[in-house]
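Colleague: Model the full assembly from the supplied sequences, consistent with the hints where possible.
In the order they appear, the protein sequences are chains A and B. Position one of the first sequence corresponds to residue 1 (the working numbering), numbered consecutively onward. Position one of the second sequence corresponds to residue 1 (the working numbering), numbered consecutively onward.
Hints listed in this document are in silico derivations from the structure and should not be mistaken for laboratory results. Beta carbons: idealized from backbone N, C-alpha and C, even for Gly. Relax, there's no trap hidden among the hints.
Where chain B lies over chain A, by a calculated footprint (3+ residues, C-beta under 8 Å):
| hint | stretch |
| --- | --- |
| 1 | 31-41 |
| 2 | 73-79 |
| 3 | 91-97 |
| 4 | 101-113 |
| 5 | 117-130 |
| 6 | 136-150 |
Label-pair distances were calculated between CB atoms; the ranges are:
| hint | chain 1 | residue 1 | chain 2 | residue 2 | range |
| --- | --- | --- | --- | --- | --- |
| 7 | A | E70 | B | F538 | 46 to 54 Å |
| 8 | B | T649 | A | S129 | 17 to 25 Å |
| 9 | B | L714 | A | R12 | 31 to 39 Å |
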Amino acid sequence: MQVAMSVNGEERGAEVEPRLLLVHYLRDVLGLTGTHWGCDTSNCGTCVVLMDGEPVKSCTLLAATAAGHEITTVEGMERDGVLDPVQQGFHEEHGLQCGFCTPGMMLTARALLDRNANPTDHEIRTAISGQICRCTGYATIVRSIRWAAEHANEGARA
Amino acid sequence: MSAVEEQRPIGYGRLKRKEDARFIRGQGTYVDDVQLPGMLHGAILRSPVAHARIASIDTSAALAHPKVHAVITGRDLEAQGLSWMPTLSADVQAVLATDKVRFQGQEVAFVIADDRYSARDALELIDVDYDTLPAVVNARKALDPDAPVIRDDLEGKTDNHIFDWESGDRAATDAVFARADVVVSQEMLYPRVHPAPMETCGAVADYDRVSGKLTLWSTTQAPHAHRTLYALVAGLPEHKIRVISPDIGGGFGNKVGIYPGYVCAVVGSIVTGKPIKWVEDRSENLMATSFARDYVMRGSIAATSEGRILGVQVDVIADHGAFNTTAQPTRYPAGFFHVFTGSYDLEAAHCSVRGVYTNKAPGGVAYACSFRITEAVYLVERMVDMLARELDADPAELRLRNFIRPEQFPYACRTGWVYDSGDYERTMRKALAIAGYDELRREQVERRARGELMGIGVGFFTEAVGAGPRRHMDILGLGMADGAELRVHPTGKAQLGISVQTQGQGHETTFAQIVAEELGIPPEDIEVVHGDTDNTPFGLGTYGSRSTPVSGAATAVVARKVREKARIVAGAMLEVAPEDLAWERGRWFVRGDPEQGATIQEIAMAAHGSLELPEGVEGGLDSETVYNPPNLTFPFGAYLCVVDVDPGTAAVRVRRFVAVDDCGTRINPIIIEGQVHGGLTDGVGMALMELIAFDEDGNCLGGSLMDYLIPTALEVPDWETDFTVTPSPHHPIGAKGIGESATVGSPPTIVNAVVDALAPYGVRHMDMPCTPSRVWEAMQGNAKPPQ
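Modeller: This is the structure in structure tokens:
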């Protein structure tokens with residue numbers, strides 16, 4: 001079947017199997033490998049992307065379901081060579097180690113800050129609690145998102 | 001250090017990571033990101049049962065699938081002598097089963113298809129007829145006379161025994177136990193858990209039929225060791241194998257071994273002439289590739305009535321699963337478990353370890369365990385806490401009374417290790433002060449009076465990392481040394497090649513800082529190359545916290561070689577004898593005339609230029625080295641945990657965790673703190689949540705992340721970390737390694753806290769994981785092992 005959706009502000013369409021998962025559409029069809037896959041059960045959140053600004057797990061969403069929606073992946077966070085403050089925050093506060101959960105974590109953080117510009121640490125922890133990081137122990141991720149909240153209008157190049 | 005250097009240090013310091021730039025943009029390259037023209041996809045058919053004879057395998061329907069290119073079974077591999085492969089522990093493991101399946105999830109057939117979905121579809125079309133056999137699940141019963149024999153493939157094998165190993169002095173230990181005032185004994189299980197890195201294991205194999213060269217992208221922590229093993233396993237010439245370990249999404253020991261899937265991808269590429277990608281799914285990861293722990297330990301501790309610890313004794317039943325594939329130095333079948341005397345100055349100690357086969361997945365040494373030091377530290381720290389309870393002594397005071405004292409280092413412990421350096425009391429007192437220990441104990445009294453369950457856990461650990469001296473330590477005959485190669489280009493920029501492989505530890509930053517510290521070349525001018533056997537020197541790889549102790553040493557040594565070459569060139573440039581030059585960071589200058597000098601960058605250009613060099617001196621500054629560690633390094637730390645247990649639900653909440661680590665010289669504190677945070681989170685997982693359990697038929701009950709629970713941001717506190725610095729005297733830069741300290745030290749600390757919280761219920765011990773239901777059972781007086 002034919003699917004088409006906006007991915008990082010660009011219209012992207014392709015002929016796909018109806019059963020194709022969004023994560024594989026993004027990774028294998030469009031070549032956007034920044035979105036990762038880590039479990040089969042919606043538990044790990046390495047596959048999180050934004051659909052119409054809300055975090056979704058692309059491993060449990062069909063590409064067909066996403067048709068007609070606006071998808072944002074990690075590749076869409078940097079604008080005109082300027083990093084999203086969330087990206088910068090993860091660098092400043094050592095919010096990543098292996099980098100595998102990082103795209104999903106950053107996108108969830110972006111969605112959180114878009115609706116709550118100044119979240120408490122508990123609100124940050126709750127927001128990312130559907131995602132697993134095996135490396136950082138989360139404290140630096142919380143600090144990274146706090147950094148982004150405190151530097152909302154700044155962008156830079158890591 | 002100036003404020004500017006604090007932000008952008010030349011050498012050691014809080015340098016933000018170089019590798020972040022690609023990861024925060026989603027531009028990392030993990031194995032599953034590798035796409036090659038014409039690439040096909042592999043999938044593995046796995047056994048649904050734990051123990052069965054294979055009566056027949058029918059692949060005809062799968063082969064008829066229009067998108068399937070090949071189906072490989074054990075019989076096909078047998079024809080090429082590849083159905084079994086040697087393990088890292090001198091056993092053999094089935095690549096694809098021929099005679100029997102021996103654990104649920106074992107590899108039975110490999111399908112190659114156009115895409116990953118079709119490959120999975122075709123698995124459904126393979127018909128395997130299994131004659132089910134009784135399964136051995138409980139390691140305690142593996143040697144019962146009527147237990148089914150799992151490894152009847154081994155000639156003459158009539159039981160499930162693998163090895164017996166012991167360390168220490170049994171007679172001397174019996175003697176101190178005979179005269180002790182107090183003896184405390186406890187059987188405890190360190191349950192089976194799994195490293196579960198966020199990226200599962202996988203490979204892309206690309207065999208070029210014309211050149212005969214195999215390029216293998218794979219999730220490996222040890223690319224060079226893998227290259228050699230592929231040469232030995234598959235018979236490919238080693239110079240025709242290139243292993244590339246690109247960005248790795250976490251390893252924790254899960255990516256040390258060679259798994260059947262990798263071998264199948266290689267065989268598949270040779271058979272089809274096309275690149276083959278194989279990536280396991282999460283259930284395959286949890287069920288088949290490398291569990292950790294699974295030690296049944298019966299420990300005893302002996303002491304005087306004044307609280308002087310005299311000895312420790314432990315007998316272990318080690319569950320190694322269906323094949324003995326543990327990755328550890330050859331001479332140590334129980335890894336480094338025999339550091340179980342911990343941080344204490346004892347009179348005698350003895351351990352015995354009996355390895356057995358069961359119908360469970362193979363593995364055992366993984367999940368940041370430092371070759372079984374997790375189990376050792378858990379044992380001794382629980383025993384010391386139980387002794388404190390028996391003596392009605394404070395657990396912190398009891399530890400302080402029995403620590404090895406600073407003047408005793410280097411300290412030869414009762415099982416043969418020589419601890420390099422330590423000041424345990426200083427570190428312990430720092431942790432107690434940060435936690436406000438006395439105040440916490442007062443608070444606990446008040447809360448208990450109100451019926452609240454607050455627990456305070458104290459723990460101390462000594463690690464033994466940086467394996468290791470090659471006269472004692474090898475893996476399959478490969479000495480555990482690591483190489484480093486440093487090239488300094490004419491413009492003074494440098495490239496460092498190392499044999500170890502990061503899985504998130506930030507090697508590109510830390511190793512650049514070591515070179516920068518030694519040579520004064522800024523870290524941003526140093527490219528660290530790793531994870532590609534064609535472009536880096538040989539070495540054994542990253543596990544057991546060995547990167548900084550071994551490769552970090554190699555890096556410092558090779559940088560010093562460059563510095564000495566630079567001295568000769570500088571002498572020629574400045575027309576003085578090299579002996580008349582002195583070094584300040586980044587520059588050789590004339591003694592007594594500091595204005596006269598040359599920077600390392602000027603020297604690099606001159607070394608490649610037309611300058612006349614002294615006779616016998618080659619141009620350039622490039623150098624290489626192989627570092628063979630003279631001893632292990634012994635990091636240590638004092639941990640303190642505060643938990644609250646809900647008396648109504650038995651849920652455990654970690655309220656505070658204080659970690660004071662001593663890893664010797666600190667290269668990048670940001671990265672060190674990150675390593676500690678991650679390990680502490682592992683500790684919360686193991687102590688409270690994580691378990692790979694089995695039912696009596698050998699069905700794995702932890703085969704997905706819905707069943708195998710890993711901490712999220714809501715289960716862990718904001719970590720309180722601090723440090724002391726006791727450099728290693730034998731290491732070139734005094735660094736000891738930090739990667740696994742917190743994973744080793746935190747589980748007993750948390751369990752000590754939970755048991756302390758449950759003291760009003762009379763609980764002396766409970767096994768991990770301390771889940772609400774298991775804590776509830778313990779509160780009812782029914783504490784029992786989870787499997």
